[in-house]
Amino acid sequence: MRLLTHNMLTSHVKGAESGYPLILEAAEVILRNVDFNPEFIKRMLSKVNWDVLYQTAKAIGHLNDIPEQLQPNVENDEEFLRKAHHVLLEVEVKEGHLICPTSKKKFQISNGIPNMLLGEESSS
Amino acid sequence: MDCNVQNNERIKLNKAQKKALRKQQRAKRILDRHNVLNEFKVSDQPSRHLLISNGGLGCGITRTILTSVFGRYGQITNIIMLPDKPFSVLSYQTVTDAKQAYDNIHAIELIAFCDTDVKYLVKSGIKAFILNYLEDYFCETNKDSNLGYPEGLLLIQNYVSEQEEDELLQSIGWYTNHGQASHDTHPCQTVQSDRESMQRRLKHRHVKHYGYEFRYDTNTVDKDKPLHATIPSKCRYICQRMTDDGYIQHQPDQLTVNEYMPGQAGIPPHIDTHSAFQDQIVSLSLLSQIVMDFRHPDGTRISINLPRRSLLVMSGECRYLWSHGITPRKYDVVCDDNDNNSNITLLERSRRVSFTFRKIRHSPCNCKYPNSCDTQLNLLSKAEVNCNPCTDKEAASLEREYVYNIYDNIADHFSGTRHSPWPVIANFLTSLPEGSMVLDIGCGNGKYMNVNKSLYMVGCDRSSGLVSICGERGFEVILCDILNLPFQSQAFDACICIAVIHHLSTTKRRIEALKECIRILRRDGVALVYVWALEQDQRNIDKEKMKHNTSANLSTDGVLTNREADTGVRKFKLRHFEKQDLLVPWHYNNRHNKKFENVANNSASNQTLYHRYYHVFMESELISMCKAINNVTIRESFYDRGNWCVILNKISD
Numbered sequence: 001m002r003l004l005t006h007n008m009l010t011s012h013v014k015g016a017e018s019g020y021p022l023i024l025e026a027a028e029v030i031l032r033n034v035d036f037n038p039e040f041i042k043r044m045l046s047k048v049n050w051d052v053l054y055q056t057a058k059a060i061g062h063l064n065d066i067p068e069q070l071q072p073n074v075e076n077d078e079e080f081l082r083k084a085h086h087v088l089l090e091v092e093v094k095e096g097h098l099i100c101p102t103s104k105k106k107f108q109i110s111n112g113i114p115n116m117l118l119g120e121e122s123s124s
Numbered sequence: 001m002d003c004n005v006q007n008n009e010r011i012k013l014n015k016a017q018k019k020a021l022r023k024q025q026r027a028k029r030i031l032d033r034h035n036v037l038n039e040f041k042v043s044d045q046p047s048r049h050l051l052i053s054n055g056g057l058g059c060g061i062t063r064t065i066l067t068s069v070f071g072r073y074g075q076i077t078n079i080i081m082l083p084d085k086p087f088s089v090l091s092y093q094t095v096t097d098a099k100q101a102y103d104n105i106h107a108i109e110l111i112a113f114c115d116t117d118v119k120y121l122v123k124s125g126i127k128a129f130i131l132n133y134l135e136d137y138f139c140e141t142n143k144d145s146n147l148g149y150p151e152g153l154l155l156i157q158n159y160v161s162e163q164e165e166d167e168l169l170q171s172i173g174w175y176t177n178h179g180q181a182s183h184d185t186h187p188c189q190t191v192q193s194d195r196e197s198m199q200r201r202l203k204h205r206h207v208k209h210y211g212y213e214f215r216y217d218t219n220t221v222d223k224d225k226p227l228h229a230t231i232p233s234k235c236r237y238i239c240q241r242m243t244d245d246g247y248i249q250h251q252p253d254q255l256t257v258n259e260y261m262p263g264q265a266g267i268p269p270h271i272d273t274h275s276a277f278q279d280q281i282v283s284l285s286l287l288s289q290i291v292m293d294f295r296h297p298d299g300t301r302i303s304i305n306l307p308r309r310s311l312l313v314m315s316g317e318c319r320y321l322w323s324h325g326i327t328p329r330k331y332d333v334v335c336d337d338n339d340n341n342s343n344i345t346l347l348e349r350s351r352r353v354s355f356t357f358r359k360i361r362h363s364p365c366n367c368k369y370p371n372s373c374d375t376q377l378n379l380l381s382k383a384e385v386n387c388n389p390c391t392d393k394e395a396a397s398l399e400r401e402y403v404y405n406i407y408d409n410i411a412d413h414f415s416g417t418r419h420s421p422w423p424v425i426a427n428f429l430t431s432l433p434e435g436s437m438v439l440d441i442g443c444g445n446g447k448y449m450n451v452n453k454s455l456y457m458v459g460c461d462r463s464s465g466l467v468s469i470c471g472e473r474g475f476e477v478i479l480c481d482i483l484n485l486p487f488q489s490q491a492f493d494a495c496i497c498i499a500v501i502h503h504l505s506t507t508k509r510r511i512e513a514l515k516e517c518i519r520i521l522r523r524d525g526v527a528l529v530y531v532w533a534l535e536q537d538q539r540n541i542d543k544e545k546m547k548h549n550t551s552a553n554l555s556t557d558g559v560l561t562n563r564e565a566d567t568g569v570r571k572f573k574l575r576h577f578e579k580q581d582l583l584v585p586w587h588y589n590n591r592h593n594k595k596f597e598n599v600a601n602n603s604a605s606n607q608t609l610y611h612r613y614y615h616v617f618m619e620s621e622l623i624s625m626c627k628a629i630n631n632v633t634i635r636e637s638f639y640d641r642g643n644w645c646v647i648l649n650k651i652s653d
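In the order they appear, the protein sequences are chains E and D.
Note that the first sequence covers residues 1 to 124 in the UniProt record's numbering.
Note that the second sequence covers residues 1 to 653 in the UniProt record's numbering.
No wet-lab data here; the hints were simulated from the structure.
Treat the hints loosely; a few may be bogus.
[As the list claims (entries may be wrong)] Per the computed footprint, the stretches of chain E lying under chain D, defined by three or more beta-carbons under 8 Å from a beta-carbon of chain D, are:
no.	segment
1	2-12
2	55-65
[Claimed, not checked] Computed Cβ-Cβ distance ranges for the label pairs, DEER-style:
no.	chain 1	residue 1	chain 2	residue 2	range
3	E	Glu75	D	Pro585	51 to 59 Å
4	D	Lys368	E	Ser18	48 to 56 Å
5	D	Ile651	E	Lys94	38 to 46 Å
6	D	Asn405	E	Glu79	48 to 56 Å
7	E	Pro101	D	Lys41	50 to 58 Å
8	D	His296	E	Ser18	39 to 47 Å
9	E	Leu70	D	Glu401	43 to 51 Å
10	D	Asp408	E	Lys14	22 to 30 Å
11	D	Pro421	E	Gly61	37 to 45 Å
[Said to hold, decoys possible] Straight-line distance between alpha carbons at most 27 Å, and here's what the computed DSSO-like set of lysine-lysine pairs gives:
no.	chain 1	residue 1	chain 2	residue 2
12	D	Lys41	D	Lys19
13	D	Lys453	E	Lys47
14	E	Lys14	E	Lys42
15	D	Lys41	D	Lys23
16	E	Lys94	E	Lys105
17	D	Lys508	E	Lys14
18	E	Lys83	D	Lys453
19	E	Lys104	E	Lys94
20	E	Lys47	D	Lys515
21	D	Lys453	E	Lys42
22	E	Lys58	E	Lys42
23	D	Lys515	E	Lys106
24	D	Lys28	D	Lys127
25	D	Lys515	D	Lys393
26	D	Lys368	D	Lys508
27	D	Lys393	E	Lys106
28	E	Lys58	E	Lys94
29	D	Lys368	E	Lys14
30	D	Lys393	E	Lys104
31	D	Lys127	D	Lys15
32	D	Lys393	E	Lys105
33	D	Lys453	E	Lys94
34	D	Lys99	D	Lys127
35	D	Lys15	D	Lys223
36	D	Lys515	E	Lys105
37	D	Lys99	D	Lys28
38	D	Lys28	D	Lys41
39	D	Lys18	D	Lys99
40	D	Lys23	D	Lys127
Where a beta carbon is used, it is the ideal one built from N, C-alpha and C, also for glycine.
Chain E extracted, bound-state conformation (with noise of 0.2 Å):
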């Protein structure tokens, strides 16, 4: 999982009031190269949540040196561009958990992939 999919992923736990964003505790993060796209990344700093982009990545240890605030025309600062392009897509955690903030529900992440089931599904 990436910390761009981290940054959209909530947990619906009933009775919690908000469950974003999720705690990421990351036991095992792969490296992985991701040819890089400015335009890409650019379109991407309008979605991101870059608060919780850079709580996340720095509670797992790959800050990247991004900073704490994102600034007014990066855009064309390529520096910059390409260590937000490393943490958004290049950083994976492979084994974690994710934790509903509210519930405090532990979803594993295996693998690379987070199971969201919540237990009254997931009895299969």
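Chain E is fixed; fit chain D onto it per the hints.
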């Protein structure tokens, strides 16, 4: 003659009574030794529950025997029999009944019952049952322990004599226990071609077939290929005896003889295929005893000792629902036949030969256990099987059993049949702006995940088997349920949901699923939805229409079009549906499953049939569903390859 009375009037006891008392006290001690559950407490007062200290499975006593002897004194409510234990516990509805039974059975010679059912008991050395009352409370807690015989199992001890045992073995040309080799000179009337199938060295046992070859790969027979060798005439009197005794209804026409050598492996748990054989399946154990394991689908496991020269009759639930097998072991724990009261002994397995008689079935099986019945599973797609759930819980359970579990089972095979993206769907994805965030809801093996590399595609599916395949292919996927998509609202620019919503089994759930697809879209986001169409036959007839509609481009005029994006040559399968809610078979090829790799290489046996639940949509139904969601407009609606399809625009949050 309850214990209280005995204590007070000891002086008056005669010799026989003293003997009975000694046995009764001994029974108490035995109980202590065997008290696995620590819950069996002997009571001095009459109660509804009787401990029959020499009336357990370990002594070869069957439920049937107990019912027959004890049933005449009142209504039996429960019988607890533990594997290998010499005792059993029997409960009556009332204390009066239990007292009546106690007074009439305890230490009374069984010969007095002169009943065919108990005759063999006397033969096997049990002269009288020794009883004790038991305290109430434990019997209630053990009511559901279900550790007796499987329903429908009968075990008849000493069914053949030693002489008959010899004759039977000789009739098939095998060694007897006395070591005389008698060769295949006997009248099996075999021809050379049959001999191979009749007598085959399996990995762990020696086997011979008569009438038909029993196939261990499928637990069935080839009905079209009877063997030249029918059941040897010298075995037939046994078949007649079993029919006369009422253990079987039909004269068997198939016999499998197995020889198990000491220390060799057993036989894996299996159910003889329903469609292949009639109800009663009987098996004689010769030369040596063996412990056979019976397993219920709920996980209950019961081990039963089949003594030498006993007849095992499996009928009803035992034949159709319970699997049976023999665990490879060198020793079995059994009750020593020479001491019916107590001795559990460890017996080394020695050479055993079993004669299993079956009757080939020529009509469909209509047993009461459809989930274990191949005949009925095959008919499921036509049957009225709970495809119209009333509650959410029922719906979820139907979907779990007939959608998610099935996809997990067939994931690898399913994936192997899903290669090329359909043009209309691929075009939808390529038409999206670069950098769009797209969710593939029900992504399957990920066949659309890689169509347009300029998108950020995330896939999700309810089948862990399928998401694993995506994971291995390097796609970004989540295991989740469509009714609870774990994504923030408005996170995506577009989504596709191909062949998913038809797996939800109520209208409410289908609408909820569609709402979830829309919820995760931003305003102006776009969704492509495909569901199976009921009207596939009709389309088949309408060939002209399909030929004229070869365009695979999206029209953007907002008019409802009826556009088959097809090349005119259909490579996909058109189906005929008789109703909207149904189970659709999936022929799973076991080649794809490594678990079965070592099983038979016969093509017929390599297929397993699964059924997936579908709600197939009528033409207007998908549209009405979309109209039930107030923040979308239908940009397009069309028919493609047996599916009703819509492209929706989210117009507000």
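Evaluation of the provided hints:
For the segment 2-12 of chain E, the stated coverage by chain D is satisfied: 8 residues place a CB nearer than 8 Å to a CB of that chain, which reaches the threshold of 3. Only residues whose beta carbon comes within less than 8 Å of a beta carbon in chain D count, and the segment 55-65 of chain E has 0; fewer than three means the coverage is violated. In this structure, Glu75(E) and Pro585(D) meet the distance hint of 51 to 59 Å, their C-beta atoms being roughly 55 Å apart. For the hinted restraint 48 to 56 Å between Lys368(D) and Ser18(E), the CB-CB distance of approximately 50 Å keeps it satisfied.
Distance hint for Ile651(D) and Lys94(E): a CB-CB separation of about 40 Å, consistent with the stated range 38 to 46 Å. Range check, Asn405(D) to Glu79(E): about 50 Å between beta-carbon atoms, so the 48 to 56 Å window is met. With their beta carbons about 54 Å apart, Pro101(E) and Lys41(D) fall inside the hinted range of 50 to 58 Å. Under the hint 39 to 47 Å, the C-beta atoms of His296(D) and Ser18(E), about 46 Å apart, fit the expected range.
Range check, Leu70(E) to Glu401(D): Cβ separation about 48 Å, and the 43 to 51 Å hint holds. Separated by about 25 Å at the C-beta atoms, Asp408(D) and Lys14(E) satisfy the suggested range of 22 to 30 Å. A hinted range of 37 to 45 Å for the beta carbons of Pro421(D) and Gly61(E) is consistent with their spacing of about 38 Å. Note on Lys41(D) and Lys19(D): the hinted pairing holds, with a Cα-Cα distance of about 22 Å set against a maximum of 27 Å.
Proximity of Lys453(D) to Lys47(E) is assessed by CA-CA distance (about 18 Å); at most 27 Å being required, the pair is judged to hold. At most 27 Å may separate the alpha-carbon atoms for a hinted pair to count; Lys14(E) and Lys42(E) exceed this at roughly 36 Å. A threshold of 27 Å between alpha carbons decides the hint, and for Lys41(D) with Lys23(D) the separation of about 17 Å falls inside it, so the pair holds. For the suggested pair Lys94(E) and Lys105(E), the alpha carbons sit about 19 Å apart, so the restraint of at most 27 Å is met.
A distance of roughly 19 Å separates the Cα atoms of Lys508(D) and Lys14(E); the hinted pair therefore holds under the 27 Å criterion. Between Lys83(E) and Lys453(D) the CA atoms are separated by roughly 21 Å; this keeps the pair inside 27 Å, and the hint holds. Only pairs whose Cα atoms come within 27 Å are accepted, and Lys104(E) paired with Lys94(E) is accepted, the gap being roughly 21 Å. Between Lys47(E) and Lys515(D) the alpha-carbon distance is near 22 Å, which keeps this suggested pair within the 27 Å criterion.
Proximity of Lys453(D) to Lys42(E) is assessed by CA-CA distance (about 16 Å); at most 27 Å being required, the pair is judged to hold. A threshold of 27 Å between alpha carbons decides the hint, and for Lys58(E) with Lys42(E) the separation of about 21 Å falls inside it, so the pair holds. Taking the CA atoms of Lys515(D) and Lys106(E), the gap is about 26 Å. The hint holds against a cut of 27 Å. The hinted pair formed by Lys28(D) and Lys127(D) meets the criterion: a straight-line CA distance of about 18 Å does not exceed 27 Å.
This hinted pair checks out: Lys515(D) and Lys393(D) have alpha carbons roughly 20 Å apart, not beyond 27 Å. Between Lys368(D) and Lys508(D), the direct Cα distance comes to roughly 32 Å. Violation of the 27 Å bound is thereby established for this hinted pair. A threshold of 27 Å between alpha carbons decides the hint, and for Lys393(D) with Lys106(E) the separation of about 24 Å falls inside it, so the pair holds. For the hint pairing Lys58(E) with Lys94(E), the CA-to-CA distance comes to about 17 Å; that is within 27 Å, so the pair holds.
For the given pair, Lys368(D) sits about 40 Å from Lys14(E) by alpha-carbon distance, which is inconsistent with the 27 Å threshold. Annotation: proposed proximity of Lys393(D) to Lys104(E) holds, straight-line Cα distance about 25 Å (limit 27 Å). For the hint pairing Lys127(D) with Lys15(D), the CA-to-CA distance comes to about 17 Å; that is within 27 Å, so the pair holds. Taken as a hint, the Lys393(D) and Lys105(E) pair is honoured in the structure, with Cα atoms around 22 Å apart against an allowance of 27 Å.
The hinted pair formed by Lys453(D) and Lys94(E) meets the criterion: a straight-line CA distance of about 22 Å does not exceed 27 Å. Restraint check for Lys99(D) and Lys127(D): satisfied, since their Cα atoms lie roughly 20 Å apart, inside the 27 Å limit. As the CA atoms of Lys15(D) and Lys223(D) are separated by approximately 64 Å, the hinted pair breaks the 27 Å bound. Between Lys515(D) and Lys105(E) the CA atoms are separated by roughly 25 Å; this keeps the pair inside 27 Å, and the hint holds.
Between Lys99(D) and Lys28(D) the CA atoms are separated by roughly 19 Å; this keeps the pair inside 27 Å, and the hint holds. About 9 Å separates the Cα atoms of Lys28(D) and Lys41(D), which keeps this hinted pair within 27 Å; it holds. Distance hint between Lys18(D) and Lys99(D) is fulfilled; the C-alpha atoms sit about 20 Å from each other, no more than 27 Å. A C-alpha spacing of about 12 Å is found between Lys23(D) and Lys127(D), which places the hinted pair at or below 27 Å, so the restraint holds.
Hint compliance for this structure: hints 2, 14, 26, 29, 35 are not met, and every other hint is.
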